[in-house]
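Enquirer: Per full-length UniProt numbering, the very first residue in the sequence shown carries number 1; after that it's consecutive.
Hint data in this document are derived by calculation from the structure and do not stem from the laboratory.
Please note that the accuracy of each hint is not assured.
[What the hints assert, rightly or not] Now the in silico label distances, taken between C-beta atoms and shown as ranges:
| hint | residue 1 | residue 2 | range |
| --- | --- | --- | --- |
| 1 | G234 | P309 | 55 to 63 Å |
| 2 | P411 | P126 | 46 to 54 Å |
| 3 | S265 | D206 | 15 to 23 Å |
| 4 | A283 | L198 | 28 to 36 Å |
| 5 | T271 | D206 | 51 to 59 Å |
| 6 | P308 | L227 | 23 to 31 Å |
| 7 | G412 | I194 | 34 to 42 Å |
| 8 | D280 | R231 | 43 to 51 Å |
| 9 | E248 | G412 | 44 to 52 Å |
| 10 | R169 | R406 | 54 to 62 Å |
Glycine included, each C-beta is placed from N, C-alpha and C at the ideal position.
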Amino acid sequence: MTEARDPGEGAERLRESDRERLGGTRSVTDDQGPGGLREGAPPPPPPVLMEPDFSALATSAALACETPIALVNVIGAGDRRLTGRAGAGAAALDEQALSFFPCTIQGRELLEVPDARDDPRFRDDPAVTGEPGVRFYAGVPMIGRSGNVLGVFCVMDRRPRRLSDERHRILRSLAASATSLLKTYRYARQSDQIIHGLQEVQDLKDQFLRTVNHELRTPLTSIRGYLQLVREGGLDEATEHRFLQVIERNSEHILGLIDELLLMSSLNARTAVFTPERVDLVAVVRRAVGDAAAEAESRGHTLRLEAPPSMTAWADARRLQHALDHLLENAIKYTPDGGTIEVTVTADPARRIRIRDTGIGIPPGEVERVFEDFYRTRQAEDLTGGTGMGLPLVDKIIQLHGGSVRIDSEPGKGTSVRVTLPVPPSDPPPD
């Protein structure tokens, strides 16, 4: 981060929230039928909120103080920018090179330099030794309500001089106006972000209702239809048994969906039961791979596990296997028939589980979003049904363990998911 003042205390002040960047734009099964499709167009991008132009205030300062140059220097998250200029010589100034600004910020009050060539702090500044040949400087720090410096409002001249007390007051008044304008812009931008965030929450709620409506209505409709046929009678024993199996499968799907929703809610509310203990991580992974083997085989996939005989980890085995079940289900579901799924367990010393497939992959720009509750990529929606709860649940469960999940993916070439768990605590010393 660019140092805005010297000593280091000044730079620390610039890291406060008042200095946020102020620039530019803000920029299933056959029984259940196909999955629900995301309806409607994606939310529109947030409106552009232009940064205020301080040139008019700079011009007013230059006229009032009778100086050829006036500048407004705004401090951003990683740099300083001249957002207001007045005078022909202002265009030649480099906002990063001017040594006047850090000194103004450090002093936190009006700084007047009658002759920069006689001042050891500034005599070697490029703006003094070169164009535009600054000799006189007077600057006022723009201080926000929380006490953090937001920028510098200043005037300059090519000849030595001093400002009268009246012009000092004018300069301070114009600096205060620039500060108010800057704060108003910042509050407007924050409000804009809040509004956009509320819209995203509304979109998420709508998506959730659409997803749950489909995932519940489809199996319930199937159950109702098959029950009606069974109730009407006249079916042979084999057909009735097959219909009852369909009813059972759809009932289990509904119960599973409800369980996932309840788990999602408890994880978000941080009320989920979590009982970690020392477990054999390899055994947990083997159980998850074993549970997924039949489905992988039905798709013609090659499912391989590479792991040491055992490895200790500190985990809630039931929660961890639930997360692994989701990852393997995704790898199988989104890999074309005949693909390969590799599961690797390592320790270096953190415990790592990597699940790599040769599936459809995730488009660029969407990898970060797949952990959002109920979010599904367009490609996934077109391919199969789903709720968009799998990866968010995985992420929340692994976070509960103090670990992390990383996804590397390329469309058409597959996806690699790496789960990292912390090293288990050491055994307590014997009494």
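Enquirer: Look at each hint and say if it fits the structure.
Expert: Hints, one by one, checked against the model:
{"no.": "1", "hint": "G234 <-> P309: 55 to 63 Å", "result": "58 Å, holds"}
{"no.": "2", "hint": "P411 <-> P126: 46 to 54 Å", "result": "49 Å, holds"}
{"no.": "3", "hint": "S265 <-> D206: 15 to 23 Å", "result": "18 Å, holds"}
{"no.": "4", "hint": "A283 <-> L198: 28 to 36 Å", "result": "46 Å, violated"}
{"no.": "5", "hint": "T271 <-> D206: 51 to 59 Å", "result": "26 Å, violated"}
{"no.": "6", "hint": "P308 <-> L227: 23 to 31 Å", "result": "50 Å, violated"}
{"no.": "7", "hint": "G412 <-> I194: 34 to 42 Å", "result": "39 Å, holds"}
{"no.": "8", "hint": "D280 <-> R231: 43 to 51 Å", "result": "50 Å, holds"}
{"no.": "9", "hint": "E248 <-> G412: 44 to 52 Å", "result": "38 Å, violated"}
{"no.": "10", "hint": "R169 <-> R406: 54 to 62 Å", "result": "58 Å, holds"}
Hints 4, 5, 6, 9, counting from the list given before, are not met by this structure.
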